[in-house]
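Number of protein chains: 2
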Amino acid sequence: MDPRVHDHAEVLVDWSARVEAGDDVVVRVDEGAHDLAVAVAEKLGERGANMLATYVADEVESAFVRAHDGDFEQDPDFEVEMLERADVVLSLRGKRNVAEKGAVPGDKRAAYKRSRTAIKARRMDADWVSTQHPTRAHAQQAGMGIAEYRDFVYDAVLRDWESLADEMASLKDLLDAGSEVRLVTDGTDLTMSIEGRTAVNSAASVAYDSHNLPSGEVFTAPTDPEGEVTFDVPMTHDGSRIRDVHLTFEDGEVADWSAEVGESALDDIFATDEGARRLGELGIGMNRGVDRFTDSILFDEKMGDTVHLAVGRAYSSCLPEDEQGNQSAVHVDMITDVSEDSRLEIDGEVVQRNGRFRWEDGFEG
Amino acid sequence: MDPRVHDHAEVLVDWSARVEAGDDVVVRVDEGAHDLAVAVAEKLGERGANMLATYVADEVESAFVRAHDGDFEQDPDFEVEMLERADVVLSLRGKRNVAEKGAVPGDKRAAYKRSRTAIKARRMDADWVSTQHPTRAHAQQAGMGIAEYRDFVYDAVLRDWESLADEMASLKDLLDAGSEVRLVTDGTDLTMSIEGRTAVNSAASVAYDSHNLPSGEVFTAPTDPEGEVTFDVPMTHDGSRIRDVHLTFEDGEVADWSAEVGESALDDIFATDEGARRLGELGIGMNRGVDRFTDSILFDEKMGDTVHLAVGRAYSSCLPEDEQGNQSAVHVDMITDVSEDSRLEIDGEVVQRNGRFRWEDGFEG
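Chains as they are written, first to last, in this note's numbering: chain S, 10 to 374; chain G, 10 to 374.
Hint data in this document are derived by calculation from the structure and do not stem from the laboratory. Since this is a predicted model, take the numbers as computed values, not measurements. Warning: the hint list may mix true and false statements.
[Claimed, not checked] Facing chain G, a subset of chain S residues (Cβ under 8 Å, in silico):
hint, residue
1, Glu55
2, Asn59
3, Ala62
4, Ala76
Don't be surprised by glycine CBs; every beta carbon is placed ideally from N, CA and C.
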């Protein structure tokens, strides 16, 4: 086994999830993530944690959902109760075919998701972390050979997370103090409120309210978007390719949408529930260890010189205690390249132009 | 996919587990059983059941157990509570290396098992069924090519279970009416009490208190064994090869044991707990669709012309309501070939000689 698989498991268990002896840890194993599951099991054993592995293969889920009549039972309690008692949930992604979920009709997939909102909520009440094992399917999606792709993944994952967290703190401070964000770039002029929100310094650890490995973004939960936005970074959602999405917001909701490719996948997303048309997240990528787009949201949204928005569910860590934030069965991230002809303003002041932050060399105010 | 995988899934879900709409079904997926898991998921979707797949890869479990200090938490509640609520548990075996578990020190493996007795009990309170997907590792263990092995497995699984159940009822009736069983063959002369026991007509369905697919045996829960027994059918237990086991029983317990190969694996079994030295099962194989030994207990113990005994846990379905029966963290089956020089007596009357039952042609009383 590539020794970096063990390093990956160690960062995941110790830095990201902060697993301690006696923790009940659910490990969600994707069908291509077997090797990482073995390495994670070893670390959990060393730490004296308890482990329960679940199998989250897309082929299995798709077969189930496709064959079902669509009237899914709401949040079956055997799964809710298991997650209710879990201290930590580790999702080890690693697909063998990233297009698999696309074989399920969108309305049925959406119904299945809606039937699992409490399950998802319990999962996110735990110290959860999502990461990805470098499989051939993901390498193919990225347009890379497997050896090159492994280097890409481990360069993004095996970082000095503490230093990056220090760097990201500057942006978090600006967002926490601000009230309004405006993003302007080609095909985009969008204004959002961030009043009263707390930004997350997403340093790939639950200790920072950060739940992805790799991470390296600062995100918050905006409201009341007005204007338009274009997402020019290629993406695959639930097995469907989506390209060049354009959204228009009116009265805080998506009023109009289009895509060059995959518009019907957007239709399905926005038909899921009411919250799917509202914003759940504004994120600013700051991980310069991710040096190219690979059509995988876990990596793409963390890349430096990018900004992303998600429609759907907001993360509670960004919200005031008395506010529930946007609720939805979906949380779909979409990314804009801001390396050229762009600016990000907080309360009218430019904090990033053409990908450079105001505290960086080369910033033009 | 081989169309017989779908047939296998259908027999499992409908005949064996009797899954109904709304049932909470835990599907335990071994690392080589992916294809069967997909086919089972499809059937569960069709039936309107709820599904939660767990991943029971030996490599994952072995890595965890090996790395742990051995002081395992007793029955972590996230797993107990999940199984407590499950209506059905389907175990889809399908190893990629049958020797994997042998890499874990026996005392640690036994400690891990002991820490999971309530988990095992909850699993067996549900309508549980174990079956096996034909992997290359199992074919290799059987000394067969994969195509030939698939034929072997599906011939054993895809049977007319109702007819076999009728045939097996004759033996069940004799055992239910009897008080004492004596088994005599080369190296074996063992007497056991079956007073007050109910034999199970194991027709591969929970409707018959039968939990294996394939099945085709009649079994009960004997007590007070006296004498000696030799198990000449090759077996692999937790990754260790065991050959030609000889046990001597005194005062109802294993007093002495030896094996030509794998004696230390026996040492580990008998050191697990007190119940491991008492009998849990007497089973008589009646599935003539299983036509050879393949070093897999699921198939071997069902073969016609064989008798097996298990040390360890007794199945509650064989016991009077007010009796708990033998308790243990293990249940280890061992098999004797009775096709030659053998006889099985119930209360002094020969019911099987040299593999032929008294109601069959060729029986010599």
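Against the structure, the hints come out as follows:
Interface hint at Glu55 of chain S: satisfied, since its Cβ lies 5 Å from the closest Cβ of chain G, which is below the 8 Å cut-off. At its closest, the beta carbon of Asn59 of chain S sits 4 Å from a beta carbon of chain G; the interface hint therefore holds under the 8 Å criterion. For Ala62 of chain S, the suggested interface contact is upheld, since its CB lies about 4 Å from the closest CB of chain G, less than 8 Å. With a least beta-carbon distance of about 3 Å to chain G, the hint placing Ala76 of chain S at the interface is held under the 8 Å criterion.
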